[in-house]
Amino acid sequence: MSCRAVIFDYIGTLVSPQNYTMDASKQKLYHALQAEGFNTTQDQFLNVYNAAHEKYRKIRYGEHREVTNAIWVSEALCSLGYRVAADDYRVKAALSVFFKDFIDTLELNEGAKKLVKHTKERCKVGLISNFTCAPVIYASLRQLGIADFFDVVVVSDEIGWRKPHKQIFQAALNKLQVQPQNAIFIGDNPTEDIQGAKEVGLETIFVPSQFNSLEDLTNSKQEPNYIAKDLQSITDHLNKFFVTR
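For the sequence shown, the working numbering gives the first residue as 1252, with consecutive numbering after it.
Certain hints may be false.
[As the list claims (entries may be wrong)] For lysine-lysine, the following PhoX-like pairs were computed, each having C-alpha atoms within a straight-line distance of at most 25 Å:
#  : residue 1 : residue 2
1  : Lys1279   : Lys1368
2  : Lys1449   : Lys1417
3  : Lys1277   : Lys1371
4  : Lys1417   : Lys1343
5  : Lys1472   : Lys1449
6  : Lys1371   : Lys1279
7  : Lys1306   : Lys1364
8  : Lys1277   : Lys1368
9  : Lys1351   : Lys1279
10 : Lys1375   : Lys1277
11 : Lys1277   : Lys1309
12 : Lys1371   : Lys1309
13 : Lys1375   : Lys1365
[Stated by the list, open to error] Label pairs and their in silico Cβ distance ranges:
#  : residue 1 : residue 2 : range
14 : Asn1290   : Gln1428   : 30 to 38 Å
15 : Asp1399   : Tyr1333   : 18 to 26 Å
16 : Asp1274   : Thr1469   : 27 to 35 Å
17 : Asn1270   : Ile1322   : 24 to 32 Å
18 : Ile1322   : Gly1452   : 31 to 39 Å
Hints were generated in silico from the structure; no laboratory data involved. Everything numeric in this text was worked out from a predicted model, so none of it was measured. We put the CB at the ideal spot given by N, CA and C, even for glycine.
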């Protein structure tokens, strides 16, 4: 194999949230919406928010179609009697508060910066992330100091499709201007990353994370081309990996 590009998954593979709790972020979202003039009780809001979130979670994970957070937040508010659209500036302002918590908890996994830097010196580098708000991914890449290593960043929010759907992988390949047989995908999710990338024709590397273990990979029945014990081991063997393929 002649490798012209390496594409990474993001959350779980290169970065991980530390001490993040969704409940705390949802409470901050509620208070931010209150500050924007949406006056409801916390229980009222969280009940309709959770219902809307579950509705779109089934679409996102079942059909692999991405739905931005603003859609289910605005739908929740509409169910409480407000007339508000997903692009309302008040919804966007509240979601900025909601996501700041998440961004601030993200930390680079051990060996991540060394790996992407090492890769950038040898070929094109891409990133594919399943995330409902693309600006959060770009902001966190800048905050962590690794944005400049990526030639291409593809986020499901912008593409409309989530991994493992082939469209999001193909979008990255098109932007990188490489064929799937000349690219490698590195990820931690057996289904979204390994299965999805394999179905497009990419070489795959699985790396365990706080979200997915080697046992999860075994149970998934997916067979990546290479199993790494951690990111550091990929960095240490990347040159050999290219040569042997």
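Hints, verified against the model:
1. Between Lys1279 and Lys1368 the CA atoms are separated by roughly 36 Å; this puts the pair beyond 25 Å, and the hint is violated.
2. Proximity of Lys1449 to Lys1417 is assessed by CA-CA distance (about 10 Å); at most 25 Å being required, the pair is judged to hold.
3. Taken as a hint, the Lys1277 and Lys1371 pair is broken in the structure, with Cα atoms around 37 Å apart against an allowance of 25 Å.
4. Pair hint Lys1417 plus Lys1343 does not hold up; C-alpha atoms about 29 Å apart against a cutoff of 25 Å.
5. For the suggested pair Lys1472 and Lys1449, the alpha carbons sit about 13 Å apart, so the restraint of at most 25 Å is met.
6. Our distance criterion of 25 Å between C-alpha atoms is broken by Lys1371 and Lys1279, whose separation comes to about 38 Å.
7. For the given pair, Lys1306 sits about 37 Å from Lys1364 by alpha-carbon distance, which is inconsistent with the 25 Å threshold.
8. For the hint pairing Lys1277 with Lys1368, the CA-to-CA distance comes to about 35 Å; that exceeds 25 Å, so the pair is violated.
9. Restraint check for Lys1351 and Lys1279: the C-alpha separation of about 10 Å stays at or below 25 Å, so the hint holds.
10. Simply put, Lys1375 and Lys1277 have alpha-carbon atoms about 38 Å apart, too far for the 25 Å limit, and the pair is violated.
11. This hinted pair checks out: Lys1277 and Lys1309 have alpha carbons roughly 19 Å apart, not beyond 25 Å.
12. Pair hint Lys1371 plus Lys1309 does not hold up; C-alpha atoms about 37 Å apart against a cutoff of 25 Å.
13. Between Lys1375 and Lys1365 the CA atoms are separated by roughly 15 Å; this keeps the pair inside 25 Å, and the hint holds.
14. A beta carbon spacing of about 51 Å between Asn1290 and Gln1428 contradicts the range 30 to 38 Å that was offered as a hint.
15. Checked against the hint of 18 to 26 Å, the pair Asp1399 and Tyr1333 fails, with Cβ atoms roughly 41 Å apart.
16. For Asp1274 and Thr1469, the hinted distance range of 27 to 35 Å is satisfied, since their beta carbons lie about 32 Å from each other.
17. With their beta carbons about 28 Å apart, Asn1270 and Ile1322 fall inside the hinted range of 24 to 32 Å.
18. One distance hint, 31 to 39 Å for the beta-carbon pair Ile1322 and Gly1452, holds here, with the actual separation near 32 Å.
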